[in-house]
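For this one, chain A is given, so just place chains H, Z and C on it according to the hints.
Number of protein chains: 4
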Amino acid sequence: MNTNRYILTLSCPDVRGIVAAVSGFLAENYCFIIESAQFGDESTAQFFLRIEFCVEDGGPDHNTLKKLFEENVAKRFSMQWDIAYKSRKSRVLIMVSSFGHCLNDLLYRQKTGQLAIEIPAIISNHKDWEHVANWHQIPYYYLPVTPENKAEQEKKMLEIILTHQIDVVVLARYMQILSSALCTLLEGKVINIHHSFLPSFKGARPYTQAFDRGVKLIGATAHYVTSNLDEGPIIEQEVARVDHTNSPDDLAAIGRDTECVALARALKYHIEHRVLLNGKKTVVFK
Amino acid sequence: MNTNRYILTLSCPDVRGIVAAVSGFLAENYCFIIESAQFGDESTAQFFLRIEFCVEDGGPDHNTLKKLFEENVAKRFSMQWDIAYKSRKSRVLIMVSSFGHCLNDLLYRQKTGQLAIEIPAIISNHKDWEHVANWHQIPYYYLPVTPENKAEQEKKMLEIILTHQIDVVVLARYMQILSSALCTLLEGKVINIHHSFLPSFKGARPYTQAFDRGVKLIGATAHYVTSNLDEGPIIEQEVARVDHTNSPDDLAAIGRDTECVALARALKYHIEHRVLLNGKKTVVFK
Amino acid sequence: MNTNRYILTLSCPDVRGIVAAVSGFLAENYCFIIESAQFGDESTAQFFLRIEFCVEDGGPDHNTLKKLFEENVAKRFSMQWDIAYKSRKSRVLIMVSSFGHCLNDLLYRQKTGQLAIEIPAIISNHKDWEHVANWHQIPYYYLPVTPENKAEQEKKMLEIILTHQIDVVVLARYMQILSSALCTLLEGKVINIHHSFLPSFKGARPYTQAFDRGVKLIGATAHYVTSNLDEGPIIEQEVARVDHTNSPDDLAAIGRDTECVALARALKYHIEHRVLLNGKKTVVFK
Amino acid sequence: MNTNRYILTLSCPDVRGIVAAVSGFLAENYCFIIESAQFGDESTAQFFLRIEFCVEDGGPDHNTLKKLFEENVAKRFSMQWDIAYKSRKSRVLIMVSSFGHCLNDLLYRQKTGQLAIEIPAIISNHKDWEHVANWHQIPYYYLPVTPENKAEQEKKMLEIILTHQIDVVVLARYMQILSSALCTLLEGKVINIHHSFLPSFKGARPYTQAFDRGVKLIGATAHYVTSNLDEGPIIEQEVARVDHTNSPDDLAAIGRDTECVALARALKYHIEHRVLLNGKKTVVFK
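Residue numbers (the numbering used here), protein chains in the order written: chain A, 1 to 286; chain H, 1001 to 1286; chain Z, 2001 to 2286; chain C, 3001 to 3286.
Chain A with its partners taken away, still in its complex shape (with noise of 0.2 Å):
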């Protein structure tokens, strides 16, 4: 049953009938609705909706459906929409500097079937990972960034995607910042985790500032990246309680657990398509 299931995401204007009209349109064509979420944003008049279903016997294929869809009700309301097919797993491209329990977290959960996603390759700007990579028979790519070299190393970087078919990539802890250009490119495809609870401590050494101020909790949040540094759509924010006995290193070692959980999180709702973006905001269905 597993093996015709689709997702249907979209949003579009809100008006009366739309719900109606995408769910006669999968009744007539042998689609049984398993799970459904919707929301219409009052502030922006915008209407979002996600719709998991299976085609029973004598429905159409992936293709018939799509085209099927566009024409019949896509096209009537203006909808931004897609519908995914179930089992395909996400192609994740991983890209890490330094730290690399977030990497180690997502390459665990994936192992173990906890994400459904493929991990076709590696990218880091360090060398400390590739054991780990090679252990993981996971191919990885070592691209040591200098203001010089930048927009070259980000040309292959591209073509690493384009050549492993990458559908999203993960920033798990990549301290480089990508360009602008690079950013707008890849917009709604990029996940980054910050390790603050955005907005407060935005860029360097989040830790080092949370222990200055003294605050009571500390948080990290998975964010899309935008060409606006630490200002990307959040996807998913987590805390952890700390206190005035913890060092800056203690609040590092704190938000190390935090941040994976917050990543993990934020790419299992994106490989899931529960996020769909509302301006500088998200609609998450989870």
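Treat the hints as calculated values from the structure; they're not laboratory data. Remember, it's a predicted structure, so these values are computed and weren't measured experimentally. Be aware that a few hints might be false.
[What the hints assert, rightly or not] Over 12 Å on every C-beta distance to chain Z, these chain H residues come out as not near it, computed from the model:
| # | residue |
| --- | --- |
| 1 | P1120 |
| 2 | N1125 |
| 3 | Q1153 |
| 4 | T1163 |
| 5 | G1188 |
| 6 | T1245 |
| 7 | D1249 |
[As the list claims (entries may be wrong)] In silico BS3-like links for lysine-lysine, alpha-carbon gap of 30 Å or less:
| # | chain 1 | residue 1 | chain 2 | residue 2 |
| --- | --- | --- | --- | --- |
| 8 | C | K3286 | C | K3155 |
| 9 | Z | K2075 | Z | K2281 |
| 10 | C | K3075 | C | K3086 |
| 11 | H | K1089 | Z | K2202 |
| 12 | A | K268 | H | K1286 |
| 13 | Z | K2286 | C | K3155 |
| 14 | Z | K2286 | Z | K2089 |
| 15 | H | K1127 | Z | K2089 |
| 16 | A | K127 | A | K89 |
| 17 | Z | K2202 | A | K280 |
| 18 | C | K3281 | H | K1202 |
| 19 | H | K1150 | A | K286 |
| 20 | A | K75 | A | K89 |
| 21 | C | K3286 | Z | K2086 |
| 22 | C | K3202 | C | K3155 |
| 23 | Z | K2127 | H | K1111 |
| 24 | Z | K2281 | Z | K2268 |
| 25 | Z | K2268 | C | K3286 |
Even glycine gets a Cβ: it sits at the ideal position worked out from N, Cα and C.
The following block gives chains H, Z and C in isolation, referenced to the frame of chain A:
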């Protein structure tokens, strides 16, 4: 626009076309869907749906809507269903014994508009909270319970429920056990707050039990009352961290906050028609 | 036994022998240590200690104890210190504007014994909560503030503080900014609840800011007031999860619970002499 | 400076002068207190103390210190006590069955320095994780257990414990029950992670039990193993929120994170000598 908002809730055997039928019906009848949530329980093949909608100009009135829905949709799918008028405030009877924190919390949330309810009556087996009821100008029924007068007092409770047209009864740390007959009669309409993280520490003095076991987290559970004590369908749970320095009294004090929060959330879900019974469990559309 | 319980708090430069000197002094003077906590801040080489003890038969009275401690211990280590009589309830002045949830929460915790405080007076720039104060038989000072009368009204506040022998002032959603002079005068004695997870969303309308940024968790921060707005030493923080369906009003409603909890905890720590100032940060011995 | 750091832990009947005696002893012997925590259990009149200190130039060595402490302090107060050398890493034996998430998590925390432990051996009744052990170059002992060979295999376990000079055994989802004799022999030295929020859902398949009961939070419990199954002293607990959409498999997946976190924290407390046994409960000096 809020004046014609309704909430449709239903459950029925899960088959293809339910959502299409319901949303088609709504669209045809000038109903604009504002919020929708559904759930298909694979283990029981039962389907659950909650739709909040508003009727646009030219649409049917409440009674007509209900009649049309029954004839055109509900019958066909063997639905258990209701269409509630959103602006109508639920009428809540609070029952309390000597601990008044939940009572006070509910009164405050009602007063400040956090809970859109009316509280037409308070019942207690103690006189402790009569002055609070007086201040809020709410009738306070003092019904002390003994083994001898229990049946008689429960009859009075039923009269009070009828007189005040009560929609839901909240046992806000009411420490008397309701008779099996009363529980059955009021099934799905009585919410209790149990001061433990069920199914841990059923029965009496849960905080003392928790102290003796040396747990590191304590909790509270809001659930529907059934004749099977502490076994009713759970609506909401909340926990708080404790440690070795906490006495049983400390646990009770920490627990009070947890109880207030869990109960207030459960009641809010209930009056917003977000809780649907699913056998011994609940579906909660948050 | 509770009648002769005391709490010693101190801070001083960190050297060897402090604990030995203090605990030796206590043992010699018939003082039995009930609870003790200490912290040495490696980044500032400052030492912090809190000891709760009771004086056994034959031991000195409060004043003698203080005199002896000053002469025999405090001087030698250049300590800032205090020995408080545990049974003496702190006298708390509550200041409030139009949102009364924190005021109500504190009154309830006081009444039920969760907070061992006295509330001899309430100050407000609005009349909204006068009836509540009347019901609790607490003097209510209505002091509306304009740019013209601000200095004058602050003089009245000081008089009220003196008249009622106030130990600590709580700004329970008091929406006027205190003058720099008053902040300095009352340093370490005024606790504010800020309705955001500082340092996020400083300034006005933090819930609207949070809504606009699309955060997935909102928070509240209890801190000592300093002349530097929203920058005072943080005592406690609390967060709650939100999502895309929450309006700014929803955030405010969810946030109210968070504010109550953070403020009540911070005040409890303060009156139990668990909070020691450490520059721009706090040491909190929970 | 870290080279001469020690941790003193003790428990004894609570009388006046213990802290004075201990801290006086330390001061006389050139020991500088870095961190101290104490607890007097009023219900049992037992006293617990943990002091981290460093020995300054001219102070005694480890053995001399222990000898002096026994003679001058411990005897007088009938203490159970230990002085551990802080830099010495605890040697941890991990036992695992077919679920490897806790094993993997502990290996990663060890590797990245989050847990200052050595892992000289892994025991399993399955071959599933041998390749991981090989990659980490840790001896992997495959000891399948049947009713017939159980006694014999437990003898081998003890030999492995002796050979590798193991300090603490971690049952990281090891699904065999240890014999009562082995539990007694290793009391206070075996930490188990139980995949439920004890005392809820003792015994087998706790996630299925939790699903059937319809709880809204699931949990994990790290505890010392005693011959009384699932009844040992609790060290740490953690919970995660679930809802009606979660299948038993979902609960297990969500629960795995909870288990990793609770077990890692409990082990960290243990190896830092922060956990003292108090009858059937624990004192945890965080």
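### Task
Could you tell me which of the hints above the structure violates, numbers in ascending order?
Those not satisfied are hints 6, 7, 8, 11, 13 and 19.
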